[in-house]
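S.K.: Got chain A; can you put chain B on it based on the hints?
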Amino acid sequence: MRKMGVNTSNTVRASIGLLGLLLLLAGSNTQINWQHQPIDTIVLVNQQPVTESALQVARQRAGRFMVQIPVQDRDRQLLQRLIDDELILQRAEELGILQADPGIRKLLARSAIDTVVRESQALPIKEPELIAFYDDHQAVFQQPQRIMLQAAQFDDLEMANISRNAFLLGDSLKKTVSHGGGEMLPIPLSPLPKHMLIRYLGISLTDLALGISATHISKPIVQGDNIYLLQVIENQPATLMPFKQVRQTVMTELSSRQRRDSLTTTLEKLKQNASIQFNLSLLEQLASTDK
Amino acid sequence: MKSTLGLTTNQRSLTLLICGSILGILVAASDPYVSVSGDTTVVAWVNDTAIGKAQYSQALALYSQEKRSPANAKDRTLVLDRLIEEELLVQKAVNDGALRNNLSVRQRTLQTILDSIQSDAVATNGSNTESSDKALEGYIEQLRINATIEWLSPPSIVKQARQ
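Protein chains in written order, with this note's numbering: chain A, 1 to 291; chain B, 1 to 163.
Bound-form chain A, shown alone (with noise of 0.2 Å):
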């Protein structure tokens, strides 16, 4: 009986020291680094590895400038400055130059943004997801509605309307326009998307123009101390465009916002993994001080 109170005062003992160790592991600050050390290590370097991989990138890189060198000496004094270089970096890091240094820390987060990108292009789409985009985003595949149109411009808004009834007897705009007083705005004659009206007609005149329906004209629309009368010759409504014929652009499209969100997911689950803590006294003494 006392040999078995004996054998379980010894698990829960070492239970419970495991359990400290284990803790305190966990509550340090130290990182472990155990070492995956790649299968083609040369030499380690204070346990870091320089590799036979590495050399041979060296090699490559030497190439033009070492071409005198026997091959033997070459490597020999190849993997010296890898070693070397590896002896620098790891001095670096002691030095916590990796932080300090403005133009390495951008170089670094290019680096991250880099892999995060190169990751999710690695993933390879596939047709029915292509589909799927294409169908849920129509308005960024279709060809937006286009307009041709003359517009005209007067002081008066009476010879707008001797103008426009000319017009409607089946005068020429121009040709009435230039007898009433009145002058034709440099529109290019030709189907314009609604970017480009803006550009000659701003946004009012725009929105009016494009509900206007093709051969018609416009009542007089007095803006400030202008009036306008708006023919619009054409009117092209938006059209989707086939997928076989924009499978290129949505593939572009989709590339594109798929490099975005798994960016901001990487940099999501960075700051939920992430210990971030923020000095609230002095960034509220800041906020003042700016104030």
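Treat the hints with caution; some may be incorrect.
Said to hold, decoys possible - Computed list of lysine to aspartate or glutamate pairs in EDC-like fashion (alpha-carbon distance at most 16 Å, straight line):
hint, chain 1, residue 1, chain 2, residue 2
1, A, Lys271, B, Asp48
2, A, Lys106, B, Glu85
3, A, Lys219, A, Glu158
4, A, Lys106, B, Glu86
5, A, Lys271, B, Glu86
6, B, Lys53, A, Asp290
7, B, Lys74, A, Glu284
8, B, Lys74, A, Asp290
9, A, Lys269, B, Glu85
10, A, Lys194, A, Asp207
11, B, Lys53, A, Glu284
12, A, Lys271, B, Glu85
As the list claims (entries may be wrong) - Residues from chain B that face chain A, not an exhaustive set, calculated with beta carbons under 7 Å:
hint, residue
13, Val46
14, Ile113
15, Ala147
Derived by calculation from the structure, the hints in this document are not laboratory data. Computed from a predicted model, the values in this text were never measured in an experiment. Just so it is clear, CB atoms sit at the ideal spot from N, CA and C, and this is done for glycine as well.
M.R.: The following block gives chain B in isolation, referenced to the frame of chain A:
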């Protein structure tokens, strides 16, 4: 008496172990940067890295300059958020091994160290190429002496490189 003494010893060791566990729990639950609010130079900690007041103020000033108006609360949050994101990306790149695998990062880091050694040499001995090279050689030699270098490769390369 023996058993009483034994029991006491057992009890004592058990108590010590429990204390150790409690200490472990306390250490695990505590955070090394709990005292962040008392710091006047750090606006935030991202994992174990500080975002300094100067860095934040500089970023905020640049942002306001671009915006051409003083920063409001929303701008300040945005700027701090961007700095945190940048820090997280930097940490991710370091963890992914960018220092060794990304050629631009590697070259830039090496160059920064070499430049600083050469600047020190110039400051001490003037702009003399020979003394700069000597300083560099001495620095690397010192790093080699302090390093643990363990060869694992085929003997031919090792033999050559060891010479």
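S.K.: Could you run down the list of hints and mark each one as holding or not?
M.R.: So, going through the hints one by one against the coordinates:
Among the hinted pairs, Lys271(A) with Asp48(B) is consistent with the structure: their alpha-carbon atoms are about 14 Å apart, no more than 16 Å. Simply put, Lys106(A) and Glu85(B) have alpha-carbon atoms about 12 Å apart, close enough for the 16 Å limit, and the pair holds. A threshold of 16 Å between alpha carbons decides the hint, and for Lys219(A) with Glu158(A) the separation of about 12 Å falls inside it, so the pair holds. Taking the CA atoms of Lys106(A) and Glu86(B), the gap is near 8 Å; set against the 16 Å cutoff, the hint holds.
Annotation: proposed proximity of Lys271(A) to Glu86(B) holds, straight-line Cα distance about 11 Å (limit 16 Å). Of the supplied pair hints, the one linking Lys53(B) and Asp290(A) holds, its CA atoms being roughly 13 Å apart against a limit of 16 Å. Of the supplied pair hints, the one linking Lys74(B) and Glu284(A) holds, its CA atoms being roughly 13 Å apart against a limit of 16 Å. Taken as a hint, the Lys74(B) and Asp290(A) pair is honoured in the structure, with Cα atoms around 13 Å apart against an allowance of 16 Å.
For the hint pairing Lys269(A) with Glu85(B), the CA-to-CA distance comes to about 11 Å; that is within 16 Å, so the pair holds. The hinted pair formed by Lys194(A) and Asp207(A) meets the criterion: a straight-line CA distance of about 8 Å does not exceed 16 Å. With a CA separation close to 12 Å, the supplied pair Lys53(B) and Glu284(A) stays within the 16 Å bound. Only pairs whose Cα atoms come within 16 Å are accepted, and Lys271(A) paired with Glu85(B) is accepted, the gap being roughly 8 Å.
Interface restraint check for Val46(B): the shortest CB-CB distance to chain A comes to about 5 Å, inside 7 Å, so the restraint holds. For Ile113(B), the interface hint holds, since its Cβ comes within 7 Å of a Cβ in chain A; the closest pair sits about 5 Å apart. The closest approach between the C-beta of Ala147(B) and any C-beta of chain A is roughly 5 Å, which is under the 7 Å cut-off, so the hint is satisfied.
Consistency with the previously given hints is maintained throughout, with no hint failing.
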